[in-house]
Amino acid sequence: MEGSGGLRFWSGGPAPGELYTLPRKEGSCGPLTRTLNPMVTGTSVLGVKFDGGVIIAADMLGSYGSLARFRNISRVMKVNDTTILGASGDYADYLYLKQVLEQMVIDEELIGDGHKYSPKAIYSWLTRVLYNRRSRMNPLWNTVVIGGFYNGESFLGYIDKLGVAYQGPTIATGFGAYLAQPLMREVIEKKPLLTKDEARHLVERCMKVLYYRDARSYNRYEIATVTEHGVEIEGPLSSETNWDVAHLVSGFE
Amino acid sequence: ALPICRRNALLEAEFSDKGHTLPTARKTGTTIVGLVFKDGIVLGADTRATEGMIVADKNCSKIHYISPNIYCCGAGTAADTEMTTQLISSNLELHSLSTGRLPRVATANRMLKQMLFRYQGYIGAALVLGGFDYSGPHLYSIYPHGSTDKLPYVTMGSGSLAAMAVFEDRFKPDLEEEEAKLLVRDAIASGIYNDLGSGSNIDLCVITKNKVDYLRPHDVANKKGVRAGSYKYKKGTTGVLTEKVTKWELDVMEEIVQTMDIS
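Chains as they are written, first to last, in this note's numbering: chain L, 892 to 1144; chain Z, 62 to 324.
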């Protein structure tokens, strides 16, 4: 596919359809051996604990920089009947992690001793994986939210690409930390133990605000719930947006 | 852009060569908001001023007077917001005397943005300008580079996302005064509790057709704790063994009386 004489949008660059290799440093041969920049990314993930379980929500957008490239991807997964996981950051790294995690769960099933990985066990394992990857300067470029319900107790934790890990009654990654976390904290501080419906309503309110104010968000999301009855992933859902305020806006002065 | 920038750059280079860093400009961290309600404008602000990671002022006033019917919240570099609002306030008063009319918010907006644009963003003032003039209530947000937005609700500062989340969740057009004050109070509180650059108390300013309520503080959100114990030593802790009193005799040598000119 030669571009000579064909369409050239910019000089010194590739023509559409032409094979293109990224410019590399002098004397460096071979492929890239570690993650340097995220490519297809997911934005915020939210997590809320309630009485009897945990909810995790994430929109279904895979952004390619500022391009809304993949509008129907799932960023939440069921790990096993007691654990759910949501991921933001590089989508490819998340899919790799998903594959490894799913295989781990299968292998454990095959052992056949009746034991299943608890949410805390998955969390602990993943913290170590992410931290070790970062220590080898080859991170999995993700921020992960793990939720679970095990032995009558709800679990909710956050792990990022540096291996920073903490738990809490509400968790939010990315922009969610700035926009959704204040709203979630206000509810939780007034009422530490929410019902499933209250938690659901809170998450829906937060997803709406994120769609309004996060420029890399999308109005199509999934909600994963884990309770004693198991895991349920609902989607795709959409927020009811109100643009009436547009009538009050005209010009900039 | 300005000759002073070259001089500043030279000074900074000199300083860092010697291994020191120049003190950072005192910023206001800040959560500031404004909204338009049924009868006018409500402006809100927190009261924390930071110098890097230290709280320089626990109760500074971020809602500045522009004219009797116009007030302006300021975020960014504290000196810049203060001096800029004072300058425009002064010029607007002269302008008002010249026109013989109550000043308009759009005029203050135009004056502020033209100055900020002239300084190409070097004046770090991010403002929320609100007031009630002859043509009704108006609310603007003004950015350091000189762009402005005219909106029904705005937030600025490091706590702006926390405050905006509250507004996006609960704002409706034509709120009543008490509802509007509560919403603004909650938005600032969201900034105070979730943003480290904002803190202390909540100041409010309600501007309507005939009156201005400058409520400082409207809500003392963070009271200083009461000390649980006292470290003062009781009288008699140190035993007194001997006591000797020596009188110091003084003679008056010279007396000069100088009257103050109070004419």
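I should point out that these hints are in silico values taken from the structure, not numbers from a laboratory. Do not rely on the hints blindly, as some may be mistaken.
To be verified - Facing chain L, from chain Z, some residues (calculated, C-beta under 7 Å): (1) Glu143; (2) Gln147; (3) His206; (4) Thr209; (5) Asp210; (6) Lys211; (7) Pro213; (8) Leu222; (9) Ala223; (10) Ala226; (11) Glu229; (12) Ser251.
Quick reminder that beta carbons are idealized off the backbone N, C-alpha and C, glycines included.
Evaluated hints:
{"no.": "1", "hint": "Glu143", "verdict": "violated, 23 Å"}
{"no.": "2", "hint": "Gln147", "verdict": "violated, 22 Å"}
{"no.": "3", "hint": "His206", "verdict": "violated, 13 Å"}
{"no.": "4", "hint": "Thr209", "verdict": "holds, 5 Å"}
{"no.": "5", "hint": "Asp210", "verdict": "holds, 5 Å"}
{"no.": "6", "hint": "Lys211", "verdict": "holds, 6 Å"}
{"no.": "7", "hint": "Pro213", "verdict": "holds, 5 Å"}
{"no.": "8", "hint": "Leu222", "verdict": "holds, 4 Å"}
{"no.": "9", "hint": "Ala223", "verdict": "holds, 4 Å"}
{"no.": "10", "hint": "Ala226", "verdict": "holds, 5 Å"}
{"no.": "11", "hint": "Glu229", "verdict": "holds, 5 Å"}
{"no.": "12", "hint": "Ser251", "verdict": "holds, 4 Å"}
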